[in-house]
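Model the full assembly from the supplied sequences, consistent with the hints where possible.
There are 2 protein chains.
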Amino acid sequence: MRTSIATVSLSGSLTGKLDAAARAGFDGVEIFENDLLASPLTPEDIRDRCADLGLTIDLFQPMRDIEAVPEAEFARNLRRARHKFELMRRLGADTVLVCSSVSPQAVDDDALAAEQLSRLADLARESGVKVAYEALAWGRHVSTYDHAWRIVEAAGHPALGTCLDSFHILSRGSEPKDLEGIGAIPGEKIFFLQLADAPLLAMDVLQWSRHYRCFPGQGGFDVAGLVRHVLSTGYDGPLSLEVFNDVFRQADAGPTAVDARRSLLVLQETVGRAPLPDPVVPTGVAFAELVTSDAEPLSALLGSLGFTRTARHRGKPVALWEQGEARILVNTGPAVRRDVTQLAAIGLESPDPAAAARRAEALLAPVLPRRRAPEDAPLDAVAAPDGTELFFCATGRPGLPDWRADFEDTGPAPAPTGIRRIDHLALTQPWHHFDEAALFHRGVLGLHGQESVDVADPYGLLRSRAVTNADGSVRIALTVGAAPTDQSVQAQHIALATDDVIAAARRFREAGGRLLPVPANYYDDLAARFEFADGELETYRDLGILYDRDAHGVFRHCYTRTIGRVFFELVQRDDGYRGYGASNAPVRLAAQHGVRALTGG
Amino acid sequence: MRTSIATVSLSGSLTGKLDAAARAGFDGVEIFENDLLASPLTPEDIRDRCADLGLTIDLFQPMRDIEAVPEAEFARNLRRARHKFELMRRLGADTVLVCSSVSPQAVDDDALAAEQLSRLADLARESGVKVAYEALAWGRHVSTYDHAWRIVEAAGHPALGTCLDSFHILSRGSEPKDLEGIGAIPGEKIFFLQLADAPLLAMDVLQWSRHYRCFPGQGGFDVAGLVRHVLSTGYDGPLSLEVFNDVFRQADAGPTAVDARRSLLVLQETVGRAPLPDPVVPTGVAFAELVTSDAEPLSALLGSLGFTRTARHRGKPVALWEQGEARILVNTGPAVRRDVTQLAAIGLESPDPAAAARRAEALLAPVLPRRRAPEDAPLDAVAAPDGTELFFCATGRPGLPDWRADFEDTGPAPAPTGIRRIDHLALTQPWHHFDEAALFHRGVLGLHGQESVDVADPYGLLRSRAVTNADGSVRIALTVGAAPTDQSVQAQHIALATDDVIAAARRFREAGGRLLPVPANYYDDLAARFEFADGELETYRDLGILYDRDAHGVFRHCYTRTIGRVFFELVQRDDGYRGYGASNAPVRLAAQHGVRALTGG
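These protein sequences, in sequence, are chains D and R. Numbering-wise (full-length UniProt numbering), the first sequence opens with residue 1 and increments by one. Numbering-wise (full-length UniProt numbering), the second sequence opens with residue 1 and increments by one.
Source of the hints: derived by calculation from the structure; they are not laboratory data. There could be a bad hint or two in this list.
Cβ-to-Cβ under 8 Å is the rule here; a few derived chain D residues that face chain R [to be verified]:
1) Ser39
2) Arg80
3) His83
4) Ala520
5) Asn521
6) Tyr522
7) Asp524
From the derived model, a few chain R residues whose C-beta atoms are all more than 10 Å from chain D [unchecked claim]:
8) Met1
9) Leu55
10) Asp108
11) Glu126
12) Arg172
13) Ser232
14) Ala274
15) Asn331
16) Pro398
17) Gln450
18) Thr468
19) Ala470
20) Gly512
21) Glu538
22) Phe567
23) Ala582
Computed from a predicted model, the values in this text were never measured in an experiment. Built from N, CA and C at the ideal position, the CB exists for glycine as well.
Right under this line is the structure:
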């Protein structure tokens with residue numbers, strides 16, 4: 001299907017928006033009138049620019065407060081419409097969006113609305129324009145799609161059809177059966193389809209609409225269900241995104257447009273209209289790669305955690321540290337972002353690395369060079385929205401390129417000391433890329449999103465959401481601050497799974513490691529909330545172990561100090577605990593701020 | 001009255017919050033439990049620290065989901081409470097907040113609630129603690145203050161009282177008569193009073209409460225009306241601020257605490273409990289002072305606008321430019337913020353400059369030195385929250401210090417060329433200081449706030465609000481971006497009033513000035529929206545004049561290019577137009593971005 005995007009969904013000048021939409025592969029645009037008014041380009045210039053970029057102008061919008069008004073007012077509206085149809089002729093746009101009236105002058109009279117829309121359509125037809133009439137969710141008298149359609153049907157005018165908008169339909173809390181009426185509209189009378197998703201917020205619908213819309217799959221609406229109904233009518237117009245969002249207004253248009261188009265690709269796949277390569281869900285974490293300019297502190301920390309340096313890369317200054325199934329690469333070679341110790345790449349075990357990369361590429365993920373050097377194994381890799389490199393790995397599987405083959409052994413196999421594997425990886429996202437990241441990890445990698453939670457940091461509110469595979473062997477927690485100034489969440493971490501966190505914490509301490517100190521007040525509160533066996537709480541207090549319970553089981557965890565942007569967590573999950581200790585995160589964050597304040601770090 | 005603030009209202013570590021509250025002059029604090037849990041200080045340390053700072057601990061909060069639950073659950077709750085009462089003993093806090101239950105286990109049984117709260121109060125009394133029971137607006141069965149009071153009254157326990165919270169009461173859309181029940185509660189049974197304001201948002205009350213509360217006078221609630229009812233009961237506890245706000249969570253605790261205490265001072269004045277010096281409303285703009293490192297471009301621009309350089313400061317490199325009643329100071333001396341041309345100070349004509357300064361000081365405005373140099377006139381001045389210096393002036397009024405006396409004439413009196421006075425000044429506010437600035441200008445200067453409007457900039461959404469005196473001779477427009485990254489609103493401007501904007505624009509152009517170019521599309525849209533006399537629209541288009549109408553009259557205006565952060569506007573208000581051309585702001589902002597893009601500025 002053809003895809004389109006409203007210029008209001010993107011940030012910047014009109015020309016910048018058009019460029020971004022074209023680069024992201026959209027077929028067309030909706031020209032939002034205010035973008036045109038503010039542009040120094042003439043309508044003819046805009047038409048030519050779109051043509052040069054291979055973009056059609058699928059809609060000019062919006063025209064407001066037209067119908068069901070007293071005759072004198074309607075005469076003024078027709079005068080206004082005449083000017084706009086002339087503008088559309090110059091622009092080369094053949095469809096105009098008319099929103100249901102919110103004017104206090106409008107009367108509740110469907111026959112009058114149909115009659116006046118019909119006269120508007122007469123005028124439109126003379127100018128070669130079609131009118132798409134849409135019910136705003138907060139329209140004064142017309143606020144549902146079926147009401148708007150009844151008026152269009154009554155008018156019976158060839159130049160008048162309806163426009164369906166997923167926000168206006170789904171924000172009214174529509175039940176699935178409420179959508180069945182869509183199937184009764186002839187497809188050729190659906191002149192346009194606008195798509196937006198939104199988080200499920202209980203707030204005034206106008207505010208919700210103007211500030212919180214997002215791309216399909218980023219919110220809580222069943223946009224795909226609605227699209228299925230529309231496609232059942234025979235509608236063959238574009239899928240067009242109309243998203244008003246305070247964040248997108250400020251974000252670079254380029255990445256936003258890519259994100260937008262990815263959401264439509266996933267949506268088309270969901271409704272069976274875009275044959276994408278199937279998702280190849282990762283089955284485990286092959287490795288986590290840290291970059292640093294100084295390997296000493298990391299080596300000391302990994303050593304204290306029981307890791308052994310087992311191998312080194314044949315051609316690059318990269319060391320492999322192992323313990324159980326947990327593998328950490330420490331890269332000290334030249335690279336971008338080398339100034340601070342951080343997580344740069346994740347290896348994901350993949351049943352079919354090449355197919356996983358093909359899907360990622362089809363979903364607009366930047367593909368990284370397969371071989372960094374001629375002698376390297378040809379690995380499939382893409383960049384996540386936050387810049388983290390994702391390698392699709394086939395560790396030790398004959399016949400497939402193996403990243404391990406690039407390494408030569410330098411030490412003995414690691415002694416098992418309690419850490420089994422990487423439990424989860426926590427990545428911080430750039431401020432306006434949180435929803436994009438979640439959609440990426442779900443759409444590209446086929447992971448499932450868990451609930452989003454708010455976490456109070458002493459200096460701001462964080463939002464966190466995890467994506468996982470079915471058996472929990474891949475868990476990635478994405479975190480973002482409440483605002484772009486928020487410096488509190490620059491830390492990333494690697495959580496290591498153990499069956500005995502107490503023993504692991506003791507071994508770490510005996511090996512010279514230092515755990516994050518946890519305030520005594522926290523343990524007094526634990527004592528108030530839970531009953532513990534004799535001595536249990538004292539052990540936690542002594543070691544700095546945090547404790548949480550959910551409906552399934554118990555979670556115990558503790559943290560190392562931070563090096564650069566990275567720290568490690570030791571975690572023990574019992575009885576199917578599913579979370580990440582979010583209720584303890586405020587205490588952890590405050591303790592980390594405290595350490596930073598003390599060390600000036 | 002005593003004033004208090006909940007630690008959750010401020011950002012940072014607990015010790016930082018206590019310091020900020022003490023420095024701002026609060027008498028006490030509410031300790032929010034999570035702040036204590038996350039603190040490395042013991043309860044005794046916190047008690048001592050508060051004592052050293054002169055702060056009482058007025059409340060420990062919150063205790064949740066206590067009452068109206070099955071007996072086994074209540075036994076666990078009492079166990080938890082016992083731990084917390086011991087903590088309060090160590091902390092030296094004698095009142096605990098108990099919020100009405102939101103637990104799914106809670107039953108709708110007032111007798112059970114009263115009986116269990118009474119048993120809780122028994123336990124509390126043994127520990128020397130009083131229990132203040134509060135209805136959460138989203139409580140499962142108890143959500144109104146009168147319902148909570150009926151339960152407290154039924155319990156009839158000396159250690160059990162109620163806590164009133166303005167957010168929970170006013171967020172339910174209470175009518176004035178709904179508040180009358182407050183007067184029936186004996187004052188000594190109101191154990192605590194928590195205050196917060198909030199913007200009037202139609203959204204889920206829990207989200208509203210957790211993210212959007214603000215200080216009294218910054219939102220839309222009649223907090224003062226509620227406080228009057230409470231005071232009528234004989235309540236003599238503190239006025240305490242409990243404000244959950246995403247922005248305050250990130251803002252420096254120091255300024256937030258000052259802002260908070262100022263809001264309580266204004267509130268106490270409103271209810272007749274704080275004898276502040278009366279407001280002295282300014283009666284005009286004496287001058288606007290620009291600072292710059294290079295006077296040439298500004299001088300050229302002022303010259304083109306018809307200003308004459310009439311005088312210079314006797315001791316500093318400051319030139320006075322005049323035209324009609326409009327006076328602009330151009331300061332090229334050493335100062336902070338000298339790197340970019342900007343508006344640094346505003347002179348306000350004041351009926352009583354010394355009294356105006358006394359009120360500002362009483363409302364915690366930083367007072368600036370009266371004399372900059374021994375020979376200068378002793379001028380009263382304070383700093384606004386954004387750093388702009390406000391001078392209270394008595395221009396040419398015998399017996400009062402006159403700023404003009406510091407200047408010696410250097411040129412002839414200005415020839416009248418159409419500009420009459422400064423119409424308004426537009427200041428941009430730091431991101432999280434918008435509400436603070438509006439409260440400051442209203443509380444300190446006695447100006448009135450006009451409606452807040454949203455304005456779409458190509459790179460983000462701006463919020464703008466004007467404050468004015470009664471006759472409109474002082475108008476200050478405050479603007480802020482939607483997020484701290486927003487670079488779109490760094491510009492300030494000075495709007496100059498004329499009775500003939502067309503003539504003024506022509507003169508400016510003939511004098512070599514360049515007006516901001518306005519896109520042709522804008523005029524096509526004007527033609528669609530309004531009917532004009534022959535040639536009128538062409539004149540606007542030719543000169544770059546923008547046009548707006550409101551219910552009262554017509555507004556015509558145009559803009560100069562920007563120098564540093566400053567530009568000028570020429571405005572003509574006819575027939576009592578009250579606004580600032582906000583509907584034209586998107587076009588102006590896009591044009592300014594366009595000019596910047598072209599010039600690389």
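So, going through the hints one by one against the coordinates:
Taking 8 Å as the C-beta cut-off, the interface hint given for Ser39 of chain D holds, the closest approach to chain R being about 6 Å. Interface restraint check: Arg80 of chain D against chain R, minimum CB-CB distance 5 Å, threshold 8 Å, status holds. Look at His83 of chain D: its Cβ gets to within about 3 Å of chain R, closer than 8 Å, so that hint holds up. Annotation: interface hint on Ala520 of chain D holds; nearest CB of chain R at approximately 6 Å, less than 8 Å.
Interface restraint check: Asn521 of chain D against chain R, minimum CB-CB distance 5 Å, threshold 8 Å, status holds. Nearest Cβ of chain R to the Cβ of Tyr522 of chain D: about 5 Å, under the 8 Å cut. The hint holds. Nearest Cβ of chain R to the Cβ of Asp524 of chain D: about 6 Å, under the 8 Å cut. The hint holds. For Met1 of chain R, the shortest C-beta to C-beta distance to chain D comes to about 30 Å, beyond the 10 Å cut-off, and the non-interface label holds.
Distance check for Leu55 of chain R against chain D: the nearest CB is about 19 Å away, which clears 10 Å, and the non-interface claim stands. At roughly 23 Å, the least C-beta separation between Asp108 of chain R and chain D is larger than 10 Å, which holds for a residue marked as non-interface. Listed as a non-interface residue, Glu126 of chain R keeps its Cβ farther than 10 Å from every Cβ of chain D; the least gap is roughly 17 Å. Non-interface status of Arg172 of chain R relative to chain D is upheld: no Cβ of that chain comes within 10 Å, the nearest being about 15 Å off.
With 10 Å as the threshold on Cβ separation, the claim that Ser232 of chain R sits away from chain D holds: the shortest Cβ distance comes to roughly 34 Å. Against chain D, the non-interface label of Ala274 of chain R holds: every CB pair exceeds 10 Å, the least being about 32 Å. With a cut of 10 Å on Cβ distances, Asn331 of chain R stays outside the contact zone with chain D, its closest approach being about 31 Å. With a closest Cβ-Cβ approach of about 50 Å to chain D, Pro398 of chain R is found to remain outside the 10 Å limit, as its non-interface label requires.
The Cβ of Gln450 of chain R lies farther than 10 Å from every Cβ of chain D, with a closest approach of about 20 Å, so its non-interface assignment holds. Once the 10 Å rule is applied to beta carbons, Thr468 of chain R is consistent with being away from chain D; the minimum gap is 27 Å. The claim that Ala470 of chain R lies off the interface holds: its Cβ sits roughly 29 Å from the closest Cβ of chain D, which is beyond the 10 Å cut-off. Even its closest Cβ contact with chain D, about 23 Å, leaves Gly512 of chain R beyond 10 Å, as expected for a residue assigned away from the interface.
Every C-beta of chain D lies more than 10 Å from that of Glu538 of chain R, the closest at about 16 Å, which supports listing it as non-interface. No Cβ of chain D approaches the Cβ of Phe567 of chain R within 10 Å, the least distance being about 17 Å, so the stated non-interface status holds. No beta-carbon of chain D comes within 10 Å of the beta-carbon of Ala582 of chain R; the shortest separation is about 13 Å.
The structure agrees with every numbered hint stated previously.
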